[in-house]
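> Chain residues, written in single-letter form:
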Amino acid sequence: MSEKIATREAYGQTLAELAATDKNLVVLDADLSKSTKTCDFAKVCPERFIDVGIAEQNMITVSAGLATLGKHVFCSSFAIFAVGRAFEQIRNSIAYPQLPVTIAATHAGLTVGEDGATHQAIEDVAIMRAVPNMTVIVPADAEETRQAVRQLAEYPHPAYLRLGRLAVEQILPADYQFQIGKGTVLRDGNDAVIFACGLMLGKALQAAEQLAAEGINTAVVNMPTIKPLDSELVCRMAKQCGAAVTVEEHSIIGGLGSAVAETLTENCPIPLLRVGVNDQFGQSGKPDELLTEYGLTVENIAAKVKEAINRK
Amino acid sequence: MDTLELQAKAKELRQEIIKMITAAGSGHPGGSLSAADILTVLYFDKMNLRPEEPDWTGRDYFVLSKGHAAPAQYAALALRGYFPVEELTGLRKLHSRLQGHPVSSKVPGIDVSTGSLGQGVSVACGLAKGLKIDKLPNHVYTMLGDGECQEGQVWEALMFAAHYQLDNLTVIIDHNRLQIDGQVEKVMNIEPLDKKLDAFGFNVLLVNGHDIEAIQNAIDKAKACQGRPTAIIANTIKGRGVSFMENQAGWHGTAPKPEEAEQALQELA
Chain A
3 MSEKIATREA YGQTLAELAA TDKNLVVLDA DLSKSTKTCD FAKVCPERFI
53 DVGIAEQNMI TVSAGLATLG KHVFCSSFAI FAVGRAFEQI RNSIAYPQLP
103 VTIAATHAGL TVGEDGATHQ AIEDVAIMRA VPNMTVIVPA DAEETRQAVR
153 QLAEYPHPAY LRLGRLAVEQ ILPADYQFQI GKGTVLRDGN DAVIFACGLM
203 LGKALQAAEQ LAAEGINTAV VNMPTIKPLD SELVCRMAKQ CGAAVTVEEH
253 SIIGGLGSAV AETLTENCPI PLLRVGVNDQ FGQSGKPDEL LTEYGLTVEN
303 IAAKVKEAIN RK
Chain B
14 MDTLELQAKA KELRQEIIKM ITAAGSGHPG GSLSAADILT VLYFDKMNLR
64 PEEPDWTGRD YFVLSKGHAA PAQYAALALR GYFPVEELTG LRKLHSRLQG
114 HPVSSKVPGI DVSTGSLGQG VSVACGLAKG LKIDKLPNHV YTMLGDGECQ
164 EGQVWEALMF AAHYQLDNLT VIIDHNRLQI DGQVEKVMNI EPLDKKLDAF
214 GFNVLLVNGH DIEAIQNAID KAKACQGRPT AIIANTIKGR GVSFMENQAG
264 WHGTAPKPEE AEQALQELA
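For the protein sequence lines, the chains are A and B, in the order given.
Mapping of the first sequence onto this note's numbering: residues 3 to 314, in sequence order.
Mapping of the second sequence onto this note's numbering: residues 14 to 282, in sequence order.
The following block holds chain A by itself, in its conformation from the complex (with noise of 0.2 angstroms):
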């Protein structure tokens, strides 16, 4: 097994291998760099550093103001502050005027852990699809997270990157390759297939290895970016396999579950089961317990394909 690192690990190493190349690199935080990694950056680099204190508003909204005279701008706090503290913010001084800002937000979803509730973002993902402009990443480990990160750098959009606390293991190939905008193929199948994105695409793997003891075929697609979807991909596993399944840390309300439903329906029906937090409230907890106490588990993930195949 190999070393186990969380995604805003990746993402705090990142930015400060990047210090040194991209001159133009400004990354803000609002009192939890230790927390989001932003930290390591500010280590390297703390002229191009900004903390703004516990202030998300106002630390979008200076983005907006530093993206304006051309900086890459990152800025950093937990899901649930960045995008439903200052949701306005971002709707209107960063996504209408197009400016390219990336919203990297850690410690979404149930896996905060003991936290609690309050802390846990189940809904940021669905809130930013919806925002015209907004491009929305949810990378699956360290190295799709590394990737992501160099290439937001580059990006003349807006985005909403959404980072885990929990350590991860490295799921994806040594050779793999993150391009915004495109899903991957992990697992061939034709029974049935699986789109899933964040930590969940390791379980989502593990169940397609039960499923297929069992003479079950089940293909596996990572779905990094939730916005602008692979349509495209979408619908040629959809076609090719006839039954699918979403998995994420995330509300089933509005996520990858949300978007696959979308172009499922208006292109190539086919039964669709979503795994996910199923509209309601997470709880304190270990992040392993929550995981399954909310049923985002290999074995559901399974029952679902069997469902969904029962379906066709």
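Treat the hints with care, as some may be off.
[Unchecked claim] Under the rule of at most 20 angstroms between Cα atoms (straight-line distance), these lysine to aspartate or glutamate pairs were calculated in the DMTMM-like manner: (1) Lys145/B x Asp24/A; (2) Lys145/B x Asp53/A; (3) Lys148/B x Glu49/A; (4) Lys236/B x Asp147/B; (5) Lys119/B x Glu99/B; (6) Lys270/B x Glu280/B; (7) Lys145/B x Glu49/A.
[Claimed, not checked] Computed footprint of chain B on chain A; a stretch qualifies when at least three of its residues, placed anywhere within it, have a C-beta under 8 angstroms from a C-beta of chain B: (8) 47–56; (9) 70–78; (10) 163–175; (11) 255–261.
By construction, these hints were calculated from the structure, which means they are not laboratory data.
Quick reminder that beta carbons are idealized off the backbone N, C-alpha and C, glycines included.
Position chain B against the provided structure of chain A, taking the given hints into account.
Here is chain B on its own, set in the frame of chain A:
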């Protein structure tokens, strides 16, 4: 331009404001008229600008945090030569680049999209901080409404400006004492505004916002101030220049009817 010429220019601005809001059939005359003299001094005297080259890197920046006064900024830009004055009557119409609130990607001379109160001042802080990082001399101006100061984000931004010693930032408050629901002091009192700004670490200047020379002097003082940002509290009259609009909260967001516009333009002639 000398003082008399600037006064005449401010009158022209007010005429264009009335004409374009009347043509649009909606908009915000009261706060546009109260801001007209200050915008005249900025656009026709104090700011470094190149209308023929709107993105000139040496320019000063102006952020209209009270974005609903867009007609005043559009009038200033058109009269300064950023786009044809005839375009002003397209205000608020379908496919016009003169949106109800300013959009940076559409209008030459508009650097920042505003309209949601409290945000422009933060964007101005970002501009000022970025210019400091690059050790550039450009100055950043932003104008807020007094009612806008009720937004919590304004105070987050002011804290930021003082903390990072943004002496390249001048915050102008158009203190016309009226907001949609009535008098600012009755809706939600913001006083003592000067003491609050002083306590937040600002160099605070009080000025008659309709006295061209006083505005010029205040801006000179603001630019000369080192180590901290300046706030200019400009005492103004909402609807200034049109007798029946002056000091009437009802003219915050109501367009004049054609006969009212005719009377207004006669008064401004």
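> Compare the structure with the hints numbered earlier in the document and write down the numbers of the violated ones, lowest to highest.
Going through the list in order, the structure violates hints 10 and 11 and respects the others.
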